[in-house]
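Visitor: Throw the hints in and build the complete structure from the sequences for me.
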Amino acid sequence: MDRIAGIINLDHEQDLMDELTYFRCGAAVPFAGRYRMIDFTISNMTNSRIEAIAVFARRKYRSLMDHLEQGKAWDLDRKRGGLFILPPDWNDPTDLSRGDLQHFHNNIDFIKRTLADYIVVSGSQSICNIDYRDVLDAHKQSGADVTVVYTKVRDLQPEHNLAHKLTIDDSGRVAAIHNDQQSSNVYMDTYIIEKDYLYYLIEQCIAHGCAHFFLDGIKGRLPEINIQAYEYKGSYSLINSVESYYRNSKKLLNRSSHDELFKEDSPVYTKIKNEAPSKYARSSNVTNTLVANGCIVNGHVEESILFRGVKVGKGAVIKNSIIMQRCEIEENAVLENVILDKDCTISSGRTLIGAPEKPFVVAKSKTM
Amino acid sequence: MDRIAGIINLDHEQDLMDELTYFRCGAAVPFAGRYRMIDFTISNMTNSRIEAIAVFARRKYRSLMDHLEQGKAWDLDRKRGGLFILPPDWNDPTDLSRGDLQHFHNNIDFIKRTLADYIVVSGSQSICNIDYRDVLDAHKQSGADVTVVYTKVRDLQPEHNLAHKLTIDDSGRVAAIHNDQQSSNVYMDTYIIEKDYLYYLIEQCIAHGCAHFFLDGIKGRLPEINIQAYEYKGSYSLINSVESYYRNSKKLLNRSSHDELFKEDSPVYTKIKNEAPSKYARSSNVTNTLVANGCIVNGHVEESILFRGVKVGKGAVIKNSIIMQRCEIEENAVLENVILDKDCTISSGRTLIGAPEKPFVVAKSKTM
Amino acid sequence: MKTKECVAMLLAGGQGTRLKSLTKKIAKPAVYFGGKYRIIDFPLSNCSNSGIDTVGVLTQYEPLILNNYIGIGSSWDLDRNYGGVSVLPPYMQSEGGGWYTGTANAIYRNIEFLDRYEPEHVLILSGDHIYKMDYSSMLEEHIEQDADSTISVIPVSWDEASRFGIMNTDDDGRIIEFDEKPDFPLSNLASMGVYIFKWEVLKRYLLEDEEKDNSSHDFGKDIIPTMLQDGKHLHAYKFEGYWKDVGTVDSLWEANMDLLKEDPELNLSDNKWRIYSKNPNQPAQYIAPCATVRNALINEGCRIYGSIDTSVIFYGVHVEDSAVIKDSVIMPNVKIGKNVKIHRAIIAEGSNIEDNSVIGDPNPDSQITLVAEEGSVMASSYATIIK
Amino acid sequence: MKTKECVAMLLAGGQGTRLKSLTKKIAKPAVYFGGKYRIIDFPLSNCSNSGIDTVGVLTQYEPLILNNYIGIGSSWDLDRNYGGVSVLPPYMQSEGGGWYTGTANAIYRNIEFLDRYEPEHVLILSGDHIYKMDYSSMLEEHIEQDADSTISVIPVSWDEASRFGIMNTDDDGRIIEFDEKPDFPLSNLASMGVYIFKWEVLKRYLLEDEEKDNSSHDFGKDIIPTMLQDGKHLHAYKFEGYWKDVGTVDSLWEANMDLLKEDPELNLSDNKWRIYSKNPNQPAQYIAPCATVRNALINEGCRIYGSIDTSVIFYGVHVEDSAVIKDSVIMPNVKIGKNVKIHRAIIAEGSNIEDNSVIGDPNPDSQITLVAEEGSVMASSYATIIK
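Chain order of the listed sequences is W, Y, F and V.
Just add 296 to the spot in the first sequence (first one is 1) and you have the working numbering.
Just add 296 to the spot in the second sequence (first one is 1) and you have the working numbering.
Just add 15 to the spot in the third sequence (first one is 1) and you have the working numbering.
Just add 15 to the spot in the fourth sequence (first one is 1) and you have the working numbering.
Incorrect hints may have been included.
[To be verified] In silico DSS-like cross-links for lysine-lysine, where the CA-CA straight-line distance does not exceed 27 Å:
1) V/K287 - Y/K569
2) Y/K660 - W/K408
3) V/K350 - Y/K660
4) W/K368 - Y/K375
5) V/K293 - Y/K368
Please keep in mind that the hints were generated in silico from the structure rather than gathered at the bench.
Guide: What follows is the structure, encoded as structure tokens:
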């Protein structure tokens, strides 16, 4: 069996989620009731039997480190391989690298030492359930230099404007990488490449003073090298703004979208917490809602997501909202189209109503 | 039993060990054949039943993180408490704190949430074997606001010039903290303080724009508050320069100094490696030397320290030297008064000779 | 090697036959409780929260699931480099070996394990009870009283007292007499099966007891009475709080229902005294638009399309629409079909309840129906066929 | 739940009586080897390095140290969230239970454990041998050959062949005949006690074998011969490399001495195939000015003031000055007094050799002297009193 190693490159992911990314990077934003965004990519990797994963973190990585620890939740606290979170702490005065090449260059030992022959490089904003072994099979079969992963999006949304798009010829080869807003071939910020070739490209990029590995090292060589496209056909959400976060969170209340993302044979792992089962009081009324453990619900909740340990008082009404860990919604408070970050308290009787297309976001630990 | 939490404050430790601290902080410098400097403070803490430890790291903390992981080697990978390495990654625009108060301020949750009533704050440069519970007993008995730890140094060395010294009155109370080069009361950069009082002092320091907690928050209040001195009487080395590193490493070849530091009932823990036992060939000749596992010795070694996985070729001669992990000394090479950092190779026949009072230091991964 | 002040020994060998088919393939301490837990989570979490970091778990009957569940104790923060959890099955020695013959014999056979830690005190626990208890304050009292043994007791109602082992004490809490299930109880202080002994004293009694042919090698029947006879200092430690033996189907059901009361005596959400358990890694629970949920505990991985009232639902349970579950306990990974009606029942792990099934008796005086994995249905005329 | 392609079952129940007092208190797989290791480190490390992450360890005899040593397998990187190491002692079931009666019976009794992972193949290992082997290439050949069972064999010298179970194969490596200790061996391919079976096939044979009253429920004596009789496809996998049964004091000593050869066949320092073991956490070893060390393996925590020649010294050993140790194996935490002379001996863990003692016989044809913990000295007229 071929071995694959993984790199999760957060270096040029912008933290565009307003209050949700004031204190944390996008990869660490809570999602789907009990996860963080990055859990999905890491779980995809471990479910594909990838046993060595490096995370290139640049900024606001503190909560990411707290969350990932040594990777125990993903069975990645290993002697061989495992999970490596690599914040920038480089002190080599002779280092000439720039941009994300700094990461590739300063962490070259990860690439050098891995026993894997292939490397999957991915970001954290594409929420999906993909088996990278299928991508590898396609990659080997086509004999490509690089295989990039894309998906066809029928119903393009504003978040896809920020994504790269692909023009693909009949043979499956990538003819162009661009930002055409009409194109539905959304590049998922994921590619697979042979380890030795990756190493060669990194050296080339540094020698030429490049600052963005994908754009300069791969896209920039489009005429010379054989880039193949692999079409992923499962559930897909691209999350790079509050609006896309909100819309794609609520999409999970649709049962079939949910089941496409959470599959029994390729589960999503996350850090273990010890919360009691959620308690629904006699006075509660909950419908069409995802609820994590540790909640105590006395009020009315509909079309919402409650993260772990949320308390909802009697007479409180929550609609179309996302309530993160340990928030307290006191009696008779009313929330509609709201995202509450962790540890917020909404005093009794308060009403917060956002717009359905633009939720009202409350930063963490606020009391209102 | 009273609970104690620990803070290892590396914020204002300067990296003065030349080549040894080019790429790592002083706390991460290898010591005594198989340890890193910080292992001693952490082990002292865990041997004193301290179960929650925060490490305030500022720079060059990457190898520190690699080494400490989640604290498994110290039994600190716990659900409650445990080891927290806290590099600076703060993103609060309203934050007014400066200097090491940034660390105290931004990590105030560690202090707030711990179940401990007392906090020991220490640096990493004082290599000793101390039971902080004894310090706590003295602290409680005296009713001090803060108890600082010092030791009497008979034979003052250049490294002690950088240390603070204490003037202590007959009652054991600290009358002055200064840099008098003649004083033999060397402050060990370690104090114990009640948690609530620490919290109060931190708030005061930030309110007054202080930048150095010990100098401004504790020393600066000397007339007002009751600072008691606790005398530590065991083995002590202060390591803040190449010369002190070299001299204090070699001190461990003295059996009684060694035994004072490594005690069976308060052992020093470090990260586990899987190295085979060291192999001494027929041609080897080793005397008065500390040898870690995984070495293969074919040559002559005397009054030296060999770290893990060092290979010494036939006819090679090593005297008064410290050879760090995985160095290769090829046949007939001669080393005297030399410190080789990790992964160096000395080609066959090469000779390197430093001065006994100033060893020749070779930075890591060099081939000569 | 460092010594340990107090080592806990958890007797987890019992078969729990009164729990019927729930314990056919698992030992009683592995039985599920409270939507998420197994019984053994309670004593293990208590140890962890009490700062007792060395626990021997004595297994015997069907230990596979228990072994696997306990692992090295990381779920309870008991994976310590020195100490931690050790599973102690009976084993063969060069002089032979055999099964544990009684609770005292089980400890006797592990004297070597205990001696390794040179403990001053040994805490004996059973894996049969649901309670939250700070063993460290019991240990403090034990040390303060300089007792040879301290036995934890709980006041029970006088009319129930004759079902328990009753301690008669003097005003200082010293135990004068131990009555096993007395017809005319002189006190209402029942033994909770939680003992602390000075290890030195206990060891001597274990060695002596082992020599006696007529002994059943049991703490309650042999060791404690002999110590009393010998005038040893036995002290009663009064525990206050929730404590429940869940040895029967009815009491297991009751204990689950206790959690649904307005202000339950047993608080599972106390951050200062967490009950740890192994985590099944399931997505958030989903309450569908057509579902109604009232007075329920529900765990992750559930999908509720039907109606839940006054019930405890473990992880991974799917309840299809128009199903009605009332006053029941649904164990992990049960699938409940459309239009199913369940009243006053316990449905065992992994059961698959077909559409339109009717299970259990809504009559509040009826016995609790147990539906176990292999399709057996007990004690209810309302039970129907399950695939 | 995910299935596992191949699950390993490690038979670690043996008493190893020929190792005499070394195995009085520990099972044979827990016996020390190579300055740092226990025998079981080799099969466990092989599994870990071969990518086999699910291992059942079947224990029976004195399992306490083994249990404790294995823990959840983190030393060998086998602490996996799903799979990993499970220690499998014999246990009681509602229909009774008892000790494992043979190697095949031990697997039979754990069919339920194996079925949980739905493996396609099962790898059977014993905990008695020192070797480094990539089980994954054996598995590959087994799959390629579509064999029902693949047995690992090693060529032995012809004059030794009659001490082993010998496989007679055809040119394709198919096993034609299995001769247990033949007087006139037809081949020199000895079984290493390493088997891979299709689980489906093995399970059927285990169930059948269990019904036979006259069976000893052993792989070599019952399962393999019956499969051969039935014309099943048994394939011999030829292993090349170091392999040693360390079942006697002499062979254990020899295997240790093998490590001191110029280019030892068994390389313990190979970064690509590490032999993992539990770490004792000791400071660096100290070679004093008055010490001489030649041709030796020495572990951390040792303090050497005397003279060591052609010996293997485990961790925590103290050798006082003027002591001479030659051609010997000194197990952990032994204290060797001044002026002691030791030749051709194995000194068991924790022994305390008093000043001026003389142990062992320097004569190269003499038997190896074993000094075991409790002061017993065997098989040597040169032995003297030990405290």
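Visitor: Against each hint, give a clear statement of whether it holds in the structure.
Guide: Now the hints, each set against the structure:
1. V/K287 - Y/K569: The given pair, whose Cα atoms are some 14 Å apart, holds under the 27 Å limit.
2. Y/K660 - W/K408: holds (18 Å)
3. V/K350 - Y/K660: Between V/K350 and Y/K660 the Cα gap is close to 38 Å, so the pair fails against 27 Å, i.e. violated.
4. W/K368 - Y/K375: Satisfied, since the Cα-Cα distance of roughly 12 Å is no more than 27 Å.
5. V/K293 - Y/K368: Roughly 14 Å separates the two Cα atoms, so the pair holds.
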